[in-house]
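Participant: Sequence:
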Amino acid sequence: MTGLRWGILATGGIAGAFASDLRTAGLDLVAVGSRSQESADAFAARFDIARAHPSYEALVADPDVDIIYVSTPHPMHHENARLALEAGKHVLVEKPFTLNHAEAEDLQRLAAERGLLVMEAMWTRYLPHMVRIREIIAAGTLGEIRAVTADHTQLLPSDPAHRLNALELGGGALLDLGIYPISFVWDILGAPTDIRAVGRLIETGADAEVATVMTHAGGAISTTLSSSRAAGANAATVVGTAARIDIDRVWYVPTTFRVVLPDGTVIEEYESEVEGRGMQYQAHAAERLVRDGVLEGDLLPIAESVAIMGTLDEIRSQIGVRYPGEEADRG
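Counting from 1, one number per residue, gives the positions in the sequence shown under the numbering used here.
Incorrect hints may have been included.
[Stated by the list, open to error] Here are the computed distance ranges between Cβ atoms for each label pair:
no., residue 1, residue 2, range
1, R114, T265, 30 to 36 Å
2, R196, G143, 44 to 50 Å
3, A217, T265, 24 to 30 Å
4, L110, T265, 18 to 24 Å
5, R288, R249, 28 to 34 Å
6, L155, A58, 21 to 27 Å
7, A217, L299, 16 to 22 Å
8, E57, D106, 15 to 21 Å
9, R134, D28, 52 to 58 Å
No lab work stands behind these hints: they were computed from the structure.
None of the values given here were measured: they were computed from a predicted structure.
Here a beta-carbon is modelled for each residue, glycine too, at the ideal position from N, C-alpha and C.
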């Protein structure tokens, strides 16, 4: 099998970034679907896409599309990914994977039943600097990992009606921003064995700030902070008994890092050289998995994406955030 033929579902800002990186990487972007012909046509013209569909249903029915990138806001991820899977398409779903654990489990089950790939677009995991960090850890350079810290804070619109602040639109700092550091500590330390979370809610009931302290295997500790009302350093650190890794601002995009010994000696400096935003690496990974007939990713298995949604559910439960339509007894 040669490269997959990509279709993009929705035409927002993140879809544009993904389309640009697909073009940069020379991948085969053949179709786009929107809720209006006008929007689809404009996006297709911007990125030189052959077919512009006036609905998501028309996009997933396109016989010349192999894989769909779902780029809608996360309350729609489950519905849109399900639509694509039921049409027989592989799916790359923008992060966070879904709104909650139950929706994530449903997509995992459906993809397995249909023999299709469904994958969360946590693009940071596939970036070259993150690949190198995992290599350093695997080599034992850091010794035993004892702590991971990671923040994602931005000064974003405070309008209560804005998507980021409206519960009915999946608003809140945790799912929009906190998914990055939560997924990162999962990547480095694995599943948490204990979760403690605090947060500040705004008048809409959405979270503006969330901090977590989690315990992992062997007693390692992670701390994360997400905020939509203030912009911080957005750096991350992995601390081991023999050395640490300091990842520079902004840690979750292509960036630099240093490996530092306890006495302050820098033993490695990493310089990032990535063309574009870096979203093409996850697309390459998805194509490789499909080509090899593997329906479970290695850098981010779907089972892990589902479990991470469970962690996010628990954090939301502790800080008191519940989205419309969720079961009252969700714990």
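Participant: Quick check: does the Cβ-Cβ distance between A217 and T265 fall within 24 to 30 Å?
Facilitator: Since the Cβ atoms of A217 and T265 sit about 29 Å apart, the hinted range of 24 to 30 Å holds.
Participant: Given the range 30 to 36 Å, decide if the beta-carbon distance of R114 to T265 lies inside it.
Facilitator: The hinted range 30 to 36 Å is violated for R114 and T265, with Cβ atoms some 53 Å apart.
Participant: Is it true that the C-beta distance of E57 to D106 lies inside 15 to 21 Å, as the hint says?
Facilitator: holds (19 Å)
Participant: Can you let me know if the beta-carbon spacing of R134 and D28 is within 52 to 58 Å?
Facilitator: Check failed, 29 Å falls outside 52 to 58 Å.
Participant: That 21 to 27 Å hint for L155 and A58 (C-beta), does it hold up?
Facilitator: violated (38 Å)
Participant: Mind checking the hinted window 44 to 50 Å against the Cβ distance between R196 and G143?
Facilitator: violated (26 Å)
Participant: Check the following: the C-beta atoms of R288 and R249 are separated by a distance inside 28 to 34 Å.
Facilitator: Cβ of R288 to Cβ of R249: about 31 Å, so the range 28 to 34 Å holds.
Participant: For the pair A217 and L299, does the Cβ-Cβ distance stay inside 16 to 22 Å?
Facilitator: Between A217 and L299, where Cβ atoms are some 19 Å apart, the hint holds.
Participant: Given a hinted range of 18 to 24 Å, is it respected by the beta-carbon distance of L110 and T265?
Facilitator: violated (51 Å)
When each numbered hint is compared with the structure, violations occur for hints 1, 2, 4, 6 and 9.
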